[in-house]
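One letter stands for each residue in the lines below.
There are 2 protein chains.
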Amino acid sequence: MSDNNINNIDNSINNENKSSNYDAKTIAYNLAKKIYELDSNVYESVGSELGRVFIGDADKCLDKLSALIYTNPHGYLLRSEVALVGNMARTIKDKEAKSKFMRQYNDILNEIAELPHGFGSVDILDTSISELNVSNFHRNNNDNRMIICISRTEGSAGTDIGFALADKLRLNYYDAEIFKDLVIRKDAEKDARWKSKKIDLSHEMINPEKARRFSRNHGLPANDAAFFNESEILRELAEKEDFIVIGRCADVILKNNNIPHVSVFITAPVQQRARRIMELEKIPYSKALKRLVKLDKKRERYYKFYTNNIWGQAYNYDLCINSASYGIDEAVNLILRVINRDK
Amino acid sequence: MSDNNINNIDNSINNENKSSNYDAKTIAYNLAKKIYELDSNVYESVGSELGRVFIGDADKCLDKLSALIYTNPHGYLLRSEVALVGNMARTIKDKEAKSKFMRQYNDILNEIAELPHGFGSVDILDTSISELNVSNFHRNNNDNRMIICISRTEGSAGTDIGFALADKLRLNYYDAEIFKDLVIRKDAEKDARWKSKKIDLSHEMINPEKARRFSRNHGLPANDAAFFNESEILRELAEKEDFIVIGRCADVILKNNNIPHVSVFITAPVQQRARRIMELEKIPYSKALKRLVKLDKKRERYYKFYTNNIWGQAYNYDLCINSASYGIDEAVNLILRVINRDK
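So the protein sequences, as listed, match chains A and B.
Under our numbering, think of the first position of the first sequence as 1, with each following residue one higher.
Under our numbering, think of the first position of the second sequence as 1001, with each following residue one higher.
In short, the hints are calculated from the structure, not lab data.
Just so you know, even glycine gets a beta-carbon here, dropped at the ideal spot from N, CA and C.
Be aware that a few hints might be false.
To be clear about the criterion: a stretch of chain A counts as covered by chain B if any three or more of its residues have a C-beta under 8 angstroms from a C-beta of chain B, and this derived list gives those stretches [unchecked claim]:
#1 78–90
#2 123–131
#3 158–171
#4 266–273
#5 320–327
Work out the full structure, taking the sequences as your base and the hints as a guide.
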């Protein structure tokens, strides 16, 4: 390639840069003009007591607005300015004028969306989470898996909501009691396997009972063994069926094993929960309050210990629901709507 | 009334108690028998490796089960036992047998629901909250009010979700920037009113500028005045229009003023939010992280100061959404489904 050619390419690149630079500024200025004019027209039409958005010298306003569009230091500033014009346009009484201005407003929003940086919008989606989120799966009809993990504070009716949901969706239902049962059966299976091995330990200095327990618990303390047995059961269940599971750190276990699910945390204001326990258990309010605080602390510690996450923090779940705002039946309907199973 | 008559009434009351007592125990025993028999039949049909739910001497099982139904010390125990039978029945391969057993299972659930204490279910609904919750209003088509309060952690795209939602629902959109603007205008209005009073202060030892500021701020410090002015604006807006409002403790202000709304808290894991800010602002991760922690702390303090509530705790909102699980577009769709406006 001759030097001449290189120079030509350089020039053309420079020209392109300059012209695209020039174009971007022109686009920004033209858009600013559209927004400014819409603001003037809307103000005239509404005769608003709130006044117009862009006040003072028109040229200065246009310069400021087009700089905002062109440089976009904070997308939200432009968004707020434009939203103000839109808010005002919506108050116009004359239907024809209103619909004309709202059309212009939507055109402006579309033009902004087409800008390279728009409102400076960057999505927050975490694909590693969202791809496991079954409530996103309505976009893909092939995958009908449905595992719902419900965590809940004491007295929030989370288990009642879970059970009612399982009943409506005809899904299996697993809670702490059922898991206890499943773990006992699993232990019995392991013991049976251990016995069937018929290893002769008489020549070793090992207590056979201890050896059996060691085999059953993978050498772990009983509590940890229970947790790991539950995790194993949960993974096995997820391979063969859909279900609803209450607590048991199931959300984290499933996430760590890349098993699609939706995690829901259910809670309610503490007074409301204490009142409910009081009614259910026929105990005084103070005792109900004490019990729920104690049980919640226990769950918090358990969750922290096995997952290193903070229990009940909204960012650890797909969704949190205040059951006092909805009640049991409506909370069930709400979850059905969220997971697109309300039809 | 003669003593005789009183005795007769006493006797009849006693008999009634006895007979209703007897009936309740009989009902409990018959129901226990149905559950026990369903368990046997399901076990036989499924040949489950997990074994049957009720093991050992049939009479003892029935006594235990009917006592559980009759006394219902903890509704959840009965629920778990029954759920286990249902879970097993759902694994039956033979479709005809499965549907027969599931019908029997549902009959049992219905019978339990008809018991005076059922599963010991007491609703968690707080009518003072739920009656203000617009997402419950689909049951009542007459009221089409729609005010949505969005609170959000920094970087969670909560404002983007709010703006996109406002655009989809054609609702006005109010954020901090717009509120600042509205407060300035409100101050200007108040100043104008103050001036129009034309009170002669020259004979008093009052600085007219101070007096003007006092009138504008109700004698409050500037920060508090801004908050109360915003509250006033919010109440005025709620009287005449539907809208989406970001932050500003709007959820608590509306609740305290008995104005129907739905409150949504949007957040995401901190790493995901920091990454997003990094991308948006073209700053290093560490700086993005610092900024979001600082801004969240500021919001937490503001919320605590003006509402005495803990910001971001799920029980303070109707709903919390993890935006990293859904992304902006899908979070908007999710909220539309929740408030029944997705059709």
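Open item on the list: So is the stretch 320–327 of chain A in contact with chain B by the C-beta rule, three or more residues under 8 angstroms, or is the coverage claim wrong?
Closed with: Contact hint for the stretch 320–327 of chain A vs chain B: holds, 8 residues under 8 angstroms.
- [ ] Confirm or reject the coverage of the stretch 266–273 of chain A by chain B under the rule of 3 or more residues with a beta carbon closer than 8 angstroms to the chain's beta carbons.
- [x] With 6 residues closer than 8 angstroms to chain B, the stretch 266–273 of chain A meets the three-residue bar; holds.
Open item on the list: Tell me whether the statement that chain B covers the stretch 123–131 of chain A is true, taking a Cβ distance below 8 angstroms and needing three residues at minimum.
Closed with: That given contact holds, which follows from 6 residues of the stretch 123–131 of chain A lying within Cβ reach (below 8 angstroms) of chain B.
- [ ] Go check the stretch 158–171 of chain A versus chain B for me, would you? Three or more residues, Cβ under 8 angstroms, otherwise it fails.
- [x] Since 6 is at least three, the answer is holds.
Task: Outcome, coverage hint (the stretch 78–90 of chain A, chain B; C-beta under 8 angstroms; three residues) - done: holds (count 8)
In this structure, every one of the numbered hints holds.
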